[in-house]
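Undergrad: Full structure from sequences and hints, please.
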Amino acid sequence: MKYATTACLLTTSLITACKQDARQSAPEQSTTTDPPWFIDEGPSRGVRFTVRADLPGDGPQLPEIVAGGAAALDVDNDGWIDLYLIQADAIEGNVLLRNRGDGTFEDVTDGSGADDRRWGMGVASGDIDGDGDVDLYITNFGRNTLLRNDGEFHFTDITEDAGGGDEGLSASASFFDGDMDGDLDLIVTNYVSWEPQRELECRSRTGLLDYCAPAHYASPTTDVLYRNDLGTFVDVTEHAGLGNARGNGLGVLAQDFTGDDLQDLFIANDGNADRLWINQGNLKFVDRAMEMGCDRDLTGKEKAGMGVASEDLDGNGDFDLLVCNLHGESDSLYLMKNGRFVDTTGRHGLSALTRPFTRFGLGFRDFDCDGDFELYEANGRVSMSDPLWADDVYAEPNLLLRREGARFVEVSPRGGVVGQEPRTSRAAVFLDANNDGRVDVLVINRSSPARLLMNHTTGGHWIMLDVRDANGGPAIGAYAEVTTGSQTQQYRVRTDGSYLSAHDPRLHMGLGNTDRVERVLVQWPDGFELVLDDIELDAITRIQR
Amino acid sequence: MRGITVVSAVMAMLPLACVPTPEPPVPDDLATIDPGARIVVEKSLEVVRQNPHAAEAWLRLGQVYLAHKMSTEAAASLAHLAEVAPTAEVHTLHAIALDQLGDSAARRIAINNAIAFGGNRTIPLWRAALWALETGEVDRAATMAEKAKAHPEAGYTEPMVLAGVRLAQDRPDEAALLIEPIVQQRPQDGYAHWILGRALLAAGNDAEARRHLRRAGDALPDYYDPWEDKAEHARADFTVRLGQVAAQARARQFAHARQTLQSLEAMYGERRELDLAAATLAFMEGDHDRSTRILTRLIKSWPKWFPPHAQKAQQLLKRAQSLGGRRLIADARNAAETATAISPGKMEGWVLLSRIARLQGDVDTEISSLQQAVELAPERFDLSLQYAESLALGGQPTRAIDVLGEHEDIFGTSLATSLLRVQSLVAAGRGDEARVIFEACERQSPNNPQVLRMKQLLKKAGL
Numbered sequence: 184m185k186y187a188t189t190a191c192l193l194t195t196s197l198i199t200a201c202k203q204d205a206r207q208s209a210p211e212q213s214t215t216t217d218p219p220w221f222i223d224e225g226p227s228r229g230v231r232f233t234v235r236a237d238l239p240g241d242g243p244q245l246p247e248i249v250a251g252g253a254a255a256l257d258v259d260n261d262g263w264i265d266l267y268l269i270q271a272d273a274i275e276g277n278v279l280l281r282n283r284g285d286g287t288f289e290d291v292t293d294g295s296g297a298d299d300r301r302w303g304m305g306v307a308s309g310d311i312d313g314d315g316d317v318d319l320y321i322t323n324f325g326r327n328t329l330l331r332n333d334g335e336f337h338f339t340d341i342t343e344d345a346g347g348g349d350e351g352l353s354a355s356a357s358f359f360d361g362d363m364d365g366d367l368d369l370i371v372t373n374y375v376s377w378e379p380q381r382e383l384e385c386r387s388r389t390g391l392l393d394y395c396a397p398a399h400y401a402s403p404t405t406d407v408l409y410r411n412d413l414g415t416f417v418d419v420t421e422h423a424g425l426g427n428a429r430g431n432g433l434g435v436l437a438q439d440f441t442g443d444d445l446q447d448l449f450i451a452n453d454g455n456a457d458r459l460w461i462n463q464g465n466l467k468f469v470d471r472a473m474e475m476g477c478d479r480d481l482t483g484k485e486k487a488g489m490g491v492a493s494e495d496l497d498g499n500g501d502f503d504l505l506v507c508n509l510h511g512e513s514d515s516l517y518l519m520k521n522g523r524f525v526d527t528t529g530r531h532g533l534s535a536l537t538r539p540f541t542r543f544g545l546g547f548r549d550f551d552c553d554g555d556f557e558l559y560e561a562n563g564r565v566s567m568s569d570p571l572w573a574d575d576v577y578a579e580p581n582l583l584l585r586r587e588g589a590r591f592v593e594v595s596p597r598g599g600v601v602g603q604e605p606r607t608s609r610a611a612v613f614l615d616a617n618n619d620g621r622v623d624v625l626v627i628n629r630s631s632p633a634r635l636l637m638n639h640t641t642g643g644h645w646i647m648l649d650v651r652d653a654n655g656g657p658a659i660g661a662y663a664e665v666t667t668g669s670q671t672q673q674y675r676v677r678t679d680g681s682y683l684s685a686h687d688p689r690l691h692m693g694l695g696n697t698d699r700v701e702r703v704l705v706q707w708p709d710g711f712e713l714v715l716d717d718i719e720l721d722a723i724t725r726i727q728r
Numbered sequence: 012m013r014g015i016t017v018v019s020a021v022m023a024m025l026p027l028a029c030v031p032t033p034e035p036p037v038p039d040d041l042a043t044i045d046p047g048a049r050i051v052v053e054k055s056l057e058v059v060r061q062n063p064h065a066a067e068a069w070l071r072l073g074q075v076y077l078a079h080k081m082s083t084e085a086a087a088s089l090a091h092l093a094e095v096a097p098t099a100e101v102h103t104l105h106a107i108a109l110d111q112l113g114d115s116a117a118r119r120i121a122i123n124n125a126i127a128f129g130g131n132r133t134i135p136l137w138r139a140a141l142w143a144l145e146t147g148e149v150d151r152a153a154t155m156a157e158k159a160k161a162h163p164e165a166g167y168t169e170p171m172v173l174a175g176v177r178l179a180q181d182r183p184d185e186a187a188l189l190i191e192p193i194v195q196q197r198p199q200d201g202y203a204h205w206i207l208g209r210a211l212l213a214a215g216n217d218a219e220a221r222r223h224l225r226r227a228g229d230a231l232p233d234y235y236d237p238w239e240d241k242a243e244h245a246r247a248d249f250t251v252r253l254g255q256v257a258a259q260a261r262a263r264q265f266a267h268a269r270q271t272l273q274s275l276e277a278m279y280g281e282r283r284e285l286d287l288a289a290a291t292l293a294f295m296e297g298d299h300d301r302s303t304r305i306l307t308r309l310i311k312s313w314p315k316w317f318p319p320h321a322q323k324a325q326q327l328l329k330r331a332q333s334l335g336g337r338r339l340i341a342d343a344r345n346a347a348e349t350a351t352a353i354s355p356g357k358m359e360g361w362v363l364l365s366r367i368a369r370l371q372g373d374v375d376t377e378i379s380s381l382q383q384a385v386e387l388a389p390e391r392f393d394l395s396l397q398y399a400e401s402l403a404l405g406g407q408p409t410r411a412i413d414v415l416g417e418h419e420d421i422f423g424t425s426l427a428t429s430l431l432r433v434q435s436l437v438a439a440g441r442g443d444e445a446r447v448i449f450e451a452c453e454r455q456s457p458n459n460p461q462v463l464r465m466k467q468l469l470k471k472a473g474l
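In order, the protein sequences belong to chains A and C. Positions 184 to 728 (the working numbering) are the ones given, in order, by the first sequence. Positions 12 to 474 (the working numbering) are the ones given, in order, by the second sequence.
In short, the hints are calculated from the structure, not lab data. Cβ coordinates follow ideal geometry from the N, Cα and C atoms, glycine included. It is possible that some hints are incorrect.
Partial list, computed: chain A residues near chain C (C-beta under 8 Å) [unchecked claim]:
no. : residue
1   : R471
2   : M473
3   : G476
4   : S534
Chain A regions said to be covered by chain C (calculated; three or more residues, Cβ under 8 Å) [said to hold, decoys possible]:
no. : stretch
5   : 483 to 496
6   : 518 to 532
7   : 683 to 695
TA: Right, dumping it as C-alpha cells:
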C-alpha cells in the first residue's frame, strides 16, 4: 500500500501541477532565492524605450510581431558603448543614447540625424568608409537606411547616394568583408515578400484574429548581398549566387566555418531549410547547409529559424552554431566535427529546455567569468498563447542557461533576474555598458519597455580585447586565440548574430580562477598577426592594427 | 517498476465510486473558442457530468482536449483518469498532454507509468526514447528504443526511432542498417530518407546521402500511434469541418456537402474559406456561372489571396480543355500568373501555369514554371520527370539529359526515365548512345507499349 499511496499522491499532485503549468508554461525548475545575475537598470540608467510595432489598419499584420532591434556601438570612440534603438511605427523614429562614460545614458537623438523614421526592424554596425567611426545600417519594412557616422554624434542618411536601400521586409543584417578587399560588405536578410494588401486572416484557437506564420503567405523572398565599392554598396546578389535562393530570412551571421580564412554566411530561415553559404572567394557563394548538416537538425523538420549564434563551444578550434526556433521546436545546436556539423541539441540538454518558448535574440557569453559560455535567450511568442500572462498574450520569460558538464541547465532565478515579468522579447544585444568586465544584456521588448540587464555577478577574472583595424574602427572579422594554461580558445570580432542586433564588438573572455593569460594571438583579416604575452587581467586592452 | 505495475493494477480494480470525482476541467475561454470545437467540448463535458464515474467519458474528454491543443485541460482530465482507471493508453495520452505543456519532468513520470503498466504496445517505449533524446538522456533513449525494437509487435516506427537514437549516439553505420529496410518498405516516407541521408553523410558517403536528403522533403516523422490518432479524430474545429465539405464533394455527395456548408455558415458566419468551398462545390456540380460569381467576388474582396486566383485558373483550364477556346485559356493564364505573383512559394501555382502554357504552346513559360515547381518540391518524382520531358520536347535535349541525370541521382532509374533519355539523346544527335540504352529497355520490357512506340520512333529516325 505504500506504493499505492505514493502513486495516488503523485497523480493528485500532477493535477495540481498541470493547472499551474498552464499558467506558467514550462515551470521554473528551482527556487528564486538565488542571487540575481542581472538587475534591470534601464530606467535608472536612462534607457527608456518601447517598441510600438504598429502598422496602420485593423488586425494583426506580419511585421508587427517580428520587429524590435537595437545596436550597441561606440559612436564617438571614447571607449564607452552607446546605444541605438530601432522604433517600428514610422512616427517616433529611432533613438540614439550616449553613454555618459559611467554606464548611464542620455538621449542625444535630437539633431543627430539618426532618427530614421521609417518602420524599423533591425540594425547592423561597422565602419564602412574606413574613417574609424562606426556606421549603421538599418533594416526596415520599406527602404532600408545607411547612416554614415560623421563624428560628434552626428549621422547622415547616405542611402540614396551610397546604395543599400532594399525595399523589402528586411530583418537581420551583417557587415563582413566577404571579398577580403579590406572593406565591409553587407548581407541583408529579407523575411517575406509582404505588403499590407497581402495580409491574411489567421485565427487563434479561440477564434481571435492572430498573426500568420510566414508559410501562409507562400511568399518567400531573396536575401540581398551588397559589395562595398569604395563606400558605395552595389547589389551583387545574383553574381554571388544568392539570387535564386528564396527563403524567409530572419537571422544571419558571418563566420569562417571551413577554416579557409574566408567569411561564410549562415542564414536562419523561418519555416524553410536554413542556408550555409560557403564563400568561394570573390564574393561567390555556394549553399552547403545540407551537405554540412545544418539545414535542419535531427528532427528533419524545417524549423522556424530566427536568432543565430556561433562560438567555439567545445574549444576544439572551430566554430559551432546555434539556431533558435519556435515554441514546440527546440533550438538546434550544431557542433563542427571534421568539417561537418553534428546535431548535439539533445545531448546538451537544450531540447527540453528551449522547446516551451519562442526564442529570438540569443547569444553565448561568459556572464559569470567562470571560463565557460552561458546562453541567454530572449523569448516571445508569435501567435497567441492561452491567456497565460494576461497583459500580453505573446509574452514569455527569457532564459539564462549555464553549462553543467556537457549539459546546459537553467540558471535560477529564471533569466538571471529576480521576479522577471514575462514580455514579448526580440533583440538581445550583448555589451559591457559600464566597462566592469561583465557582459550586460539589452533586451528589446514589443509594446513594453526595453530592459538593460546589468550584470551583477562576482568572481572570476576576465580580459576584454578591443581589436581595432588600421583606421581605428572595430576590426570585424579579426580572429583571436587566447591561451591560458593548456587551453586555447578562439574568438572572432563580430557585431552580428542574435536577432535584429548589433553587439559590442569587443571580445570578452572569462577566465575563472586562472590568473595568467600565456598568449594572445590576433590575426587581422588581411593576415597580419600580433602575439601578445603580457595581457593585463581584469582590464580592457585596446589592440590596433 | 514492478511495484508500480502491481499498484496500477490494484488501482484499476478500485471501484471508481470510492474515488472522489473532481469536476471536469473547463477552459476559461470556452465561450469564445472555435464554435465547432466548443460543440464537442460541451458535449463531452455533459457526458462526463452525467456519468462522472465512466472512464470512457473521461477518456473522450481528454481526447477532445488533446485534439484541440487545450493541453492544460487535457492533462487534468487524463491525470484524473490515470488515477481512477489507468491504462497504458491513458498514461501515454497524459504524457503527450504534459509534453504539449512543456513539462518534461511530469511527462517522464507519466510515460514511465505507461511503460510500467505493460500491455502489448511499444508506443510508451518509443515515446520515452524520443523524449529521453530530447532531454539529453541518450543512454535511456537507447535502452527504451532497443526494447521497443525488440518487441514482437514492432513495426516500422520502432527501428526508425532506434535509428534516430543511433545517429544521436554518433553511430551512423548502425543507424543506416536500421533505416535502410524502412526506406525500401516505405519509399515515400520522407523522414526515413532523412535519417538515412544523415547517417550516410556522417559516414562520409556524400553522394548517396544527398540523394536521400533531397527525397526527404518536409521530412516530418510519421510514427504509428493509434492512440494519438484516435484522439486526433476527436478534432472538430473549423478546419476539420471544412475538410468534410471537400471530402463530401469529392465523393460527389453534393447535397450533403451543401448541407454541411450551410451549417458551417450558420455556425461561423461569413468566412472567405466558406465562399471558396462554395465556389468549388458549384463548379463540381456544373454550375460554372455561380462558381465564377463567387470567385469574382472573392478576388475583388481579397485581391492578394492565392486560392481564388488558383481556383479560377484551374476551372478555366478545365473548361478550356473540354470546350476549347483561346479566350478561356488566356483568362486561365492571367489567373495563374496572378496566383504565382501573389504566392511564388506555392508549387501548385507554377504547375498550373506550366500546364496552361503547354496548352498555349508557350514552351519557355512551361519550362520555367516547371523549373520553379521542381525547386520548391525537389522530392516530387513526377515534377522533375515532367520538367525533363518539357525540356526534351521544347528543343533543349542536352538540358533535358542533365535534368534526367539529377532526377535519376535522386530517384533512381526507371523505364520512363530511360525512354525519355533515349528520346533526348536522339534529339541531341547522340543516336549511338540512345540505341544502347534503348536496347537495354527492350531487353527488360520487350512488350511494353511505350517501348514499342519508341521503337517505331527510332525506326523513323533511321536508328
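Undergrad: Hint by hint, which ones does the structure fall short of?
TA: Going through the list in order, the structure violates hints 1, 7 and respects the others.
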